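*Asks:* From first to last, the protein sequence lines are chains D and F.
The numbering used here applies: residue 1 is where the first sequence begins, and numbers increase by one.
The numbering used here applies: residue 1 is where the second sequence begins, and numbers increase by one.
Hints are computed from structural coordinates only; laboratory data are not their basis.
Bear in mind the structure is a predicted one, so any value in this text is a computation, not a measurement.
No residue lacks a Cβ here, since even glycine has one placed at the ideal position from N, Cα and C.
Please note that the accuracy of each hint is not assured.
[To be verified] Listed below are several chain F residues computed to face chain D (Cβ distance under 10 Å; list not exhaustive):
1) D85
2) I89
3) D92
4) V153
5) Q172
6) G174
7) F179
8) G190
9) L246
[Said to hold, decoys possible] Each pair of labels, with its calculated beta carbon distance range:
10) G139(D) <-> N62(F): 25 to 33 Å
11) H237(F) <-> P46(D): 43 to 51 Å
12) D143(F) <-> D242(D): 22 to 30 Å
13) E255(F) <-> P272(D): 42 to 50 Å
14) S211(F) <-> P46(D): 38 to 46 Å
2 protein chains.
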Amino acid sequence: MRMGFTGMTLDRADHLRRDEQALKLARMHPSARFLLLDGLKPVLAPDADRLLWVRRSQAPDNPSIFLGLDEEGIPHFALAGAAADVGGIATDARAAGTRLSAPEAGIVALARSLLDWHDRHGFCAACGAPTRPVKGGYGRQCDRCTAQHFPRVDPVVIMLAEKDGLALVGRQPGFPAGFFSALAGFVEPGESLEEAVARELWEEAGVRARSVRYVASQPWPFPSSLMIGALATADSHALSPDFEELEEARWVSREECAAALRGDGDWSAPPPLAIAHWLLRAWVEGQVPPS
Amino acid sequence: MRMGFTGMTLDRADHLRRDEQALKLARMHPSARFLLLDGLKPVLAPDADRLLWVRRSQAPDNPSIFLGLDEEGIPHFALAGAAADVGGIATDARAAGTRLSAPEAGIVALARSLLDWHDRHGFCAACGAPTRPVKGGYGRQCDRCTAQHFPRVDPVVIMLAEKDGLALVGRQPGFPAGFFSALAGFVEPGESLEEAVARELWEEAGVRARSVRYVASQPWPFPSSLMIGALATADSHALSPDFEELEEARWVSREECAAALRGDGDWSAPPPLAIAHWLLRAWVEGQVPPS
Chain D
1 MRMGFTGMTL
11 DRADHLRRDE
21 QALKLARMHP
31 SARFLLLDGL
41 KPVLAPDADR
51 LLWVRRSQAP
61 DNPSIFLGLD
71 EEGIPHFALA
81 GAAADVGGIA
91 TDARAAGTRL
101 SAPEAGIVAL
111 ARSLLDWHDR
121 HGFCAACGAP
131 TRPVKGGYGR
141 QCDRCTAQHF
151 PRVDPVVIML
161 AEKDGLALVG
171 RQPGFPAGFF
181 SALAGFVEPG
191 ESLEEAVARE
201 LWEEAGVRAR
211 SVRYVASQPW
221 PFPSSLMIGA
231 LATADSHALS
241 PDFEELEEAR
251 WVSREECAAA
261 LRGDGDWSAP
271 PPLAIAHWLL
281 RAWVEGQVPP
291 S
Chain F
1 MRMGFTGMTL
11 DRADHLRRDE
21 QALKLARMHP
31 SARFLLLDGL
41 KPVLAPDADR
51 LLWVRRSQAP
61 DNPSIFLGLD
71 EEGIPHFALA
81 GAAADVGGIA
91 TDARAAGTRL
101 SAPEAGIVAL
111 ARSLLDWHDR
121 HGFCAACGAP
131 TRPVKGGYGR
141 QCDRCTAQHF
151 PRVDPVVIML
161 AEKDGLALVG
171 RQPGFPAGFF
181 SALAGFVEPG
191 ESLEEAVARE
201 LWEEAGVRAR
211 SVRYVASQPW
221 PFPSSLMIGA
231 LATADSHALS
241 PDFEELEEAR
251 WVSREECAAA
261 LRGDGDWSAP
271 PPLAIAHWLL
281 RAWVEGQVPP
291 S
């Protein structure tokens, strides 16, 4: 199973980020390629399911982030810019994640998360002064108090509780009608992934669970989550949902789940772009580690 | 295996954090208990390996974070304060993690990460204005631009590459003499855990690896990491360390590793507080998932 937004093949070339002079040269490289994001929407070619890469001369004069080097050593960058100025199509990042090849979808995940972080972190959280981007976009520097700030990656656990051949799915209040997914929540300070899974199942559904088993992970650039998928064994089928978090929770069988994944069930399952799809599929197919 | 800093038994009671009035009442509860951290060092009882809990009347008038409820429903809080004022001992959090029971070590992990985050995030990263703590310490609110900010949890991959009965360990420049551990690095935006493991092994040691298998996770409150331990299969034993990140890297056998874990090897292994200890031990004992 290939998780959505994984599969970037650029070499992130961390050593270049530490070398401002080398980065400057990379930006001036005659073959350097630039991806625009228009209001955080990646700009795609007008005629095909691929990113529209432009030359430096076509790119606006905005700060760029360093994405990495391709196999030929050509540097790739991303920056904010208007799709109309380069003849491309600003495309919702979720749609792009589905339409693009895995290497290009991975680039969208990186570029969207980093550019969004810069948009919302222009000031020093330690002293309030303006900060400036450094390290090819992988940091911001405060010149007043010298604090360095680094992009956020927010770990989220997403999990299926199972018991006696049934798995637990739920609906958040904002979900489309009939749509159910795995439960999920942010990992908090001072807990392991296993503890976060047990806590979220308890908080959201009133379910006590144990034997947490890791299944897979996925970056989710809305804005910068790291989704960590797991399976857990519930103590009972009793439910007590927190209705602020969960509009409805229900236990479903493998048959119901398989139908939903095929698109002919009586509820809708997440699409293959989302790790929840693969969690459900792994459970239906018995492809998860034993407890 | 019980990871260091896991095992907190307080109910974090997320619903209370959303209710400012209930939190105020919880703070006034006659049985409420308060933990002081003195310069981020938890304050222990002078005569035993346990936390020194004090009453509200003994606690200074500093903002407190809500830790959770114990089994009797008694609310617990943490705040900055001087050990000397309450007759306790300010204790290094690593030492506390080793000396305290698992439930109390887990409390230290949560309290240290959250209080440190508040210390270093007094201003709005979006607009530069001062912010104020909300949600029992699980957020900060900007009253100028209305942005909400949440505590960081920074995922870190820590991994052993293995090939033909040998595992890869390394020394960072700041390590004590003779000390080797598993390689580690922060997960970056736009990558899965599996991709982060492969990238870090490549960047730090020049090793190509595949078949990444999850082993365990641990909160590490220095300042707010989530350590995610994994094993990976290396393509070859060839090494090309990045000497800025790694002073030395070497392949070790299970016998060498077992001796180091026992404390009688020709290098020193991480102590049981650290997930790296358990990663090495799991590898020595063959307790890791097959590739």
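*Asks:* Could you check the hint for me, namely that D143(F) and D242(D) are 22 to 30 Å apart, CB to CB?
*Replies:* holds, 28 Å
*Asks:* Once the shortest beta carbon distance from D92(F) to chain D is found, is it less than 10 Å?
*Replies:* violated, 17 Å
*Asks:* Does F179(F) pass the interface hint, meaning its C-beta sits closer than 10 Å to a C-beta of chain D?
*Replies:* Nearest chain D Cβ about 24 Å off; hint violated.
*Asks:* May I ask you to test the hint 42 to 50 Å on the CB atoms belonging to E255(F) and P272(D)?
*Replies:* holds, 46 Å
*Asks:* Check the following: the C-beta atoms of G139(D) and N62(F) are separated by a distance inside 25 to 33 Å.
*Replies:* Holds, since G139(D) and N62(F) (Cβ atoms, about 31 Å apart) stay within the stated range.
*Asks:* Verify the interface restraint on D85(F): the C-beta must sit less than 10 Å from at least one C-beta of chain D.
*Replies:* Hint violated; D85(F) Cβ to chain D Cβ min 25 Å, cut 10 Å.
*Asks:* Min Cβ distance, V153(F) to chain D: is it shorter than 10 Å?
*Replies:* holds, 5 Å
*Asks:* If you take the shortest Cβ to Cβ gap from I89(F) to chain D, is it below 10 Å?
*Replies:* Violated: closest Cβ of chain D sits about 21 Å from I89(F), beyond 10 Å.
*Asks:* Hint check: is the beta carbon of G174(F) less than 10 Å from a beta carbon of chain D?
*Replies:* With a minimum Cβ separation of about 17 Å from chain D (threshold 10 Å), the hint on G174(F) is violated.
*Asks:* Using the C-beta atoms of S211(F) and P46(D), is the stated range 38 to 46 Å upheld?
*Replies:* holds, 40 Å
*Asks:* Tell me if L246(F) is really an interface residue toward chain D, meaning its C-beta lies closer than 10 Å to one of theirs.
*Replies:* violated, 13 Å
*Asks:* Per the CB criterion, is G190(F) less than 10 Å away from chain D?
*Replies:* Holds: closest Cβ of chain D sits about 3 Å from G190(F), inside 10 Å.
Consistency note: the structure conflicts with the earlier hints numbered 1, 2, 3, 5, 6, 7, 9.
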